[in-house]
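Fit chain A to the supplied structure of chain F, relying on the hints for placement.
There are 2 protein chains.
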Amino acid sequence: MSEVVDGLVTVIPAGGVGSRLWPLSQPHRPKFLLDLLGTGATLIQDTVARVSPLSERVVIVTGERHAPAVASQVPEVPAANLVTEPSPRDSMAAIALAAALIEERWGSQVMASFAADHLIPDAEAFRATVREAARAAQGGKVVVIGIEPTEPSTAFGYIEMGEPIDGDARHVVAFTEKPDAETAAGMLARGGFAWNAGMFVMRTDVLLGHLDRLQPTLAAGAREIAAAWDGPSREEVLARVWPTLTKIAIDHAIAEPVAAEGGVAVVPASFEWHDVGDFDSLAELSEPTGGAVSIGREAAVATVGASAPLVVGGTKPVVVVGVDDAVVVESDEAILVTVRSAAQRVKDAAGALAEA
Amino acid sequence: MSEVVDGLVTVIPAGGVGSRLWPLSQPHRPKFLLDLLGTGATLIQDTVARVSPLSERVVIVTGERHAPAVASQVPEVPAANLVTEPSPRDSMAAIALAAALIEERWGSQVMASFAADHLIPDAEAFRATVREAARAAQGGKVVVIGIEPTEPSTAFGYIEMGEPIDGDARHVVAFTEKPDAETAAGMLARGGFAWNAGMFVMRTDVLLGHLDRLQPTLAAGAREIAAAWDGPSREEVLARVWPTLTKIAIDHAIAEPVAAEGGVAVVPASFEWHDVGDFDSLAELSEPTGGAVSIGREAAVATVGASAPLVVGGTKPVVVVGVDDAVVVESDEAILVTVRSAAQRVKDAAGALAEA
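From first to last, the protein sequence lines are chains F and A. Numbered per numbering that gives the first Met the number 0, the first sequence finishes at 355, counting up by one with no gaps. Numbered per numbering that gives the first Met the number 0, the second sequence finishes at 355, counting up by one with no gaps.
With the rest of the complex left out, here is chain F (with noise of 0.2 Å):
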C-alpha cells in the first residue's frame, strides 16, 4: 500500500503570533516562521515536510501579510493553494474557506487539518494516526486526533473518549476547555481523557453540512468567496464578504455541538506533541543533557551559581550568575531576560516594551 491516502487534501491554517514566544515571534514574524529548535527547518516547513507523504495537496491559509514569507519557505506548495485572509477572522472561517475551495476545485474530499507551529518529532507515528483518523472520516463522522496526555496540563483542552467504534477511533462524549489544575489531574487520575490538539479530520461535505446547519452565514459566506476565487471576482468578493463571516473557533462551532449530537470520533495517538507555546516548554524540549541549552547561537554560555540556563540567539558569550532556570533570548529587535517559571507572562513583553 502506498503511504500516500488518495484524495487526502491537508489544510493548514497558519496563523497566531505566539507572543509568549516573543522577541523571536512578532506580529511580522510569528511563531511559525521561526526555525525555534534550531533545526534548520521553520514549523511550516517541518509541518509541510511531515504531511507531505501522507497527501498529494496541501492548502495553507494565511494571512496576507505573511504570504510571501510561506511561500518563499515552502514553495513546494503551489501558489494557488496559498489561501490569503485579509484579516483574521479565527479557525473556523479559515478552515471552511478551505473546505468550500477544495469542493470547488476537487469535488468532495477527506481533509485533514493540522496547526502550523507545532512540533511532532515522530513524523512516521504522526502519519499513521492521520491515516487511521482518515479511513474513520471516511464514514461520516468529525474525526479528531487526541494526544495521549503525558501530565495534568491546564495549557490544552481535553477529549472525553467513550466506546469504540472501529478501528481505533472512538466515539467523542464531550470537549472541555482548558482545566484548572485540580480538573486536570482528576482528567488524569480517571483516564479515558486526551488532549485537544486542534487536528481534524473530515469529509468536506461532512464538515460544510454541519456548517450549514449550524452556522450558515459563515458556511454561505465561505461557499460563496469559494466559488469565486479562481475568478475574476475573488477580490471583490473576499473584500465584500470575508469580514462578514462569523469569527469563531472550530472547538465551538463545530466540534463541541457535533459531538454532543455524536458525530465526532476520536483517534488517539500516543506519539509525542508539543506544542512549543512558551520558552519553558522549549526548554524543556531541548534539554536533554542538562547543560546550557543554546539555540540559534554559537557564543558560549557559562553559569556560575546557576542551573541551566535556556539563551536563544545572540552572537555574544552569555553568563549566568544566581539566577536558576534563567531564559535569555536575543532577537534583532530586543533581548528578554526571564526564568522558566515566569514563561507564560512574556506575552505581555511587547506591550511593557511599548509604553516602557
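Don't read these hints as lab results, they were simulated from the structure. There could be a bad hint or two in this list.
To be verified - Here are some chain F residues pointing at chain A (derived, C-beta under 7 Å): (1) Val303; (2) Ala325; (3) Val345; (4) Leu352.
Said to hold, decoys possible - Pairwise CB distance ranges (calculated): (5) A/Thr38 to F/Ala48: 49 to 57 Å; (6) F/Glu283 to A/Lys315: 54 to 62 Å; (7) F/Ser306 to A/Glu283: 26 to 34 Å.
To be verified - In silico lysine-lysine, DSS-like type, Cα no more than 30 Å apart, as pairs: (8) A/Lys346 to A/Lys246; (9) A/Lys315 to F/Lys315; (10) A/Lys177 to A/Lys346; (11) F/Lys246 to F/Lys346; (12) F/Lys177 to F/Lys346; (13) A/Lys246 to A/Lys177; (14) F/Lys346 to A/Lys177; (15) F/Lys315 to A/Lys346; (16) F/Lys315 to F/Lys346.
Backbone N, C-alpha and C define an ideal beta-carbon position, used for all residues, glycine too.
Leaving out everything else, chain A in the frame of chain F:
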C-alpha cells in the same frame, strides 16, 4: 586662602581590575578606565578632576599595559608623572616608589594617596577633608581619612578612632580587617569606628622613614629605582629591582604597625563615598527614582512582574519578566545576567566562561 595646598602631591595608584564588574571591567579594561555611571567621565578622570584643585602635582602609578589609556584619558597629568609598574607588586611598592620619586624630584613633601576607582559625589567636601588631613600630616603623623559608616558593611576594613589630637584629627587606636556581619554591627552600635577607604596623607620623609624601619628592603629598592628614574639607567634598575620589592599592602606594611606605635591619625569625613565594587552597589548608587536604571545605553528597558532592573550597555531594548532585582550588562565582549543579591559572585563569571 587659595584652595591649593602648598606642596601637596597627590598620588593615584591605578590598579585592580574590578572583577565583580565583569564584563564591563576586564584585565585589559580595568574599572578605573570606565565611565561606570555614564556621566561622561571615567573614574580616573573623575579622580584627577577631584584632586586637581588641591594639589598642583599629581602622580599616577599604573601598570605598563594601561599607561597609554591613562595618558589618553588624563592628558593634564604630565607624562613624567605617569609612573608605570612592570608588574603588580601591591599598594606599598607603588606608593613607596611614588614617595621616593617625589623626594628625588621636589624634596620632602606632603603626599596624599587616593584610589583611582572610587566615587565621591561631593568633591568640595572631599577637598576640605584632605586639607584638614594635610595639616595633621605636617606634624609628622601618617593620616588616614576615615569614612563615616552608613551601614554595617562587611566589605571594608574599619578604623578604630581614639582621642582627639587637634582640629578634626584623632588618634587611630587600631585598624580592623573586613569584619563579619556581627562584628560590623557591634562596631556601628558602639560608635567611634570609620571605614578605611585607603586614603592616606603623610609627609614623604615620614612614610619613607617608617618604611626604612619596617620594610627596609622595600624602602631601599624604592629609593634605588626612584634615584634612577629620571636618568639613563631607569629601565635597567627597574628591571633588576622592581621584581624584588616585597608584595604587601600599605595597610599591613605601614598603617597597622605605625598605628600600634601611636603614629597614625584619622580625620573623620562625612562625605558620601562609594567604592562601586559590584553591580549591587552600582544599582544602589543609581536608583534614586525607583525606576529601571539604564547606564550607557539609549534603548528602552521594560519589566513585567519584576522590580526595576539595572541594565548597563547594549543597544537593544531589554525586557525583564518575572525576575526581581535583575542586572543585565552588555559589553562589546559578553552579556551578563544576574540579580543584585548575586553581585559578589560575578567575579567568577569570566572564569566560568573561559571553561565553557
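These are the hints, each one checked on the structure:
1. Hint status for F/Val303 relative to chain A: holds, with the closest Cβ pair at about 5 Å, below 7 Å.
2. With 7 Å as the threshold, the beta carbon of F/Ala325 comes within range of chain A, its nearest partner Cβ sitting at about 6 Å, so the hint holds.
3. Here the hint on F/Val345 is kept, as its CB sits about 5 Å from the closest CB of chain A, short of 7 Å.
4. With a cut of 7 Å, the hint placing F/Leu352 at the interface with chain A holds, because the nearest CB-to-CB distance is about 4 Å.
5. At roughly 55 Å, the beta-carbon separation of A/Thr38 and F/Ala48 lies within the given 49 to 57 Å, and the hint holds.
6. Against the hinted window of 54 to 62 Å, the Cβ-Cβ separation of F/Glu283 and A/Lys315 comes to about 26 Å, which falls outside the hint.
7. A hinted range of 26 to 34 Å holds for the C-beta pair F/Ser306 and A/Glu283, which are about 27 Å apart.
8. Proposed proximity of A/Lys346 and A/Lys246 is supported: the alpha carbons are some 22 Å apart, at most 30 Å.
9. Restraint check for A/Lys315 and F/Lys315: the C-alpha separation of about 13 Å stays at or below 30 Å, so the hint holds.
10. A distance of roughly 18 Å separates the Cα atoms of A/Lys177 and A/Lys346; the hinted pair therefore holds under the 30 Å criterion.
11. Between F/Lys246 and F/Lys346, the direct Cα distance comes to roughly 22 Å. Compliance with the 30 Å bound is thereby established for this hinted pair.
12. For a cut-off of 30 Å, the pair hint linking F/Lys177 to F/Lys346 stands: about 18 Å separates their Cα positions.
13. Between A/Lys246 and A/Lys177 the CA atoms are separated by roughly 20 Å; this keeps the pair inside 30 Å, and the hint holds.
14. A hinted pair counts as satisfied when its Cα atoms are at most 30 Å apart, and F/Lys346 with A/Lys177 does not qualify at roughly 46 Å.
15. At most 30 Å may separate the alpha-carbon atoms for a hinted pair to count; F/Lys315 and A/Lys346 meet this at roughly 19 Å.
16. Note on F/Lys315 and F/Lys346: the hinted pairing holds, with a Cα-Cα distance of about 25 Å set against a maximum of 30 Å.
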